[in-house]
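**Student:** Sequence:
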Amino acid sequence: MEADHLLLERAPPIQRITLNRPDRLNALATQTWAELRDALREADEDDEIRVIVLGGEGRAFCSGDDIADFEFETTADARAYARHIMSCGLTIERIETPVISSVHGLAHGGGCEIAALADVTIASEEATFRLPEALVGAVPGIGLVRFPELIGLKRTRELMLTGREFDATEAHDIGLVNEVAPADELEDVVDSRAEDVARTAPVSAQLIKRILNSRLEDEAEAVNALTLIFTMDDAVEGMEAFFDGREPEWSGN
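Each position in the sequence shown, counted from 1, maps to that position plus 1 in the numbering used here.
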C-alpha cells in the first residue's frame with residue numbers, strides 16, 4: 002500500500018510500520034490513524050509476515066492525537082471520528098499477527114495508548130509517557146477501555162486525572178512496558194524480540210492472540226464518551242487554550 006504518514010518496510014518475517022510525521026512529533030491525524038489501520042491489516046493478511054514492529058520516525062514515538070483535527074460541526078461528526086480512531090487503534094490488538102512497539106522519545110496521549118496496546122512494548126530508557134487529555138478538555142480514548150486491565154484501575158485513574166508525565170522505568174514497573182533498553186541498544190533489543198516471536202509456530206501465535214482478545218469488552222462506552230467530549234464547550238476551550246499558549250478557563254459545560 003502507499004502511505005503519506007507512514008514508512009513501510011517489508012522484510013519477511015518482519016514488517017516495520019513507522020509513524021512518519023517527524024515535524025509534528027508523529028501526531029496522529031485522521032489520515033495517520035487510517036493508514037495505520039490499513040497497514041496493520043495488510044501485514045496481517047501477508048502469510049510471510051510473522052511479526053509487526055511499530056515505531057516512530059525522528060525524535061519521538063508519537064506525541065498523541067493531532068488536535069488540529071478536533072473540529073466538529075455536529076454530534077454525528079464527532080461520533081464518526083470517535084468510532085474511527087477507536088477502530089484504528091484497536092486493530093493493533095485485534096489482528097492475529099503479533100505487534101511489538103519500539104518506543105523512544107515522547108509517547109503521549111494516543112501515542113502512549115497505541116504503544117501499550119502492542120503485544121510487546123519495548124521502550125528506550127529515555128522515553129517518557131503521558132495521558133494529558135484531561136488537561137485540554139478531552140478524555141483518553143482506547144485507554145479508558147484497556148488501561149484498567151493493563152495497569153490497574155487506581156493507577157489508571159491517577160495517570161488520567163493528573164495528566165502527569167512518567168518515565169520508562171515507571172512505565173515498566175506498572176506493567177505498561179515489557180522491557181526498558183538503553184537508548185543506543187533499543188533497535189537491537191527490538192530486533193532480537195521480533196526474531197524470538199518470528200520463531201514461534203504461526204498458528205500458536207494466532208490462537209494466543211485470538212483467545213486472549215476474546216475476553217475483551219465492547220468499546221461502545223468509550224466511543225460514547227469521546228463523542229460527548231468532542232461536542233462539549235470545555236473541549237473547544239481546551240483546544241483553543243492549547244493553541245493560544247494559555248491556561249484554559251473551564252466552564253463545566
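Honestly, I wouldn't trust all of these hints.
Estimated spans, in silico, between C-beta atoms of each pair [stated by the list, open to error]: (1) R211 with A81: 26 to 34 angstroms; (2) S205 with W251: 49 to 57 angstroms; (3) Q32 with T75: 19 to 27 angstroms; (4) T31 with E126: 30 to 38 angstroms.
Here are the simulated DMTMM-like cross-link-like pairs (lysine to aspartate or glutamate), alpha carbons at most 20 angstroms apart as the crow flies [unchecked claim]: (5) K155 with E166; (6) K210 with E186; (7) K210 with E46; (8) K210 with D45; (9) K210 with D67; (10) K210 with E127; (11) K210 with D197; (12) K210 with E188; (13) K210 with E49; (14) K155 with D168.
Hints were generated in silico from the structure; no laboratory data involved. Values in this document were obtained by computation on a predicted structure and should not be read as measured data. Note that beta-carbon positions come from the ideal geometry of N, C-alpha and C, so glycine has one too.
**Student:** Among all the numbered hints in the text so far, which are the ones the structure does not match?
**Tutor:** Violated: hints 6, 9, 10 and 12.
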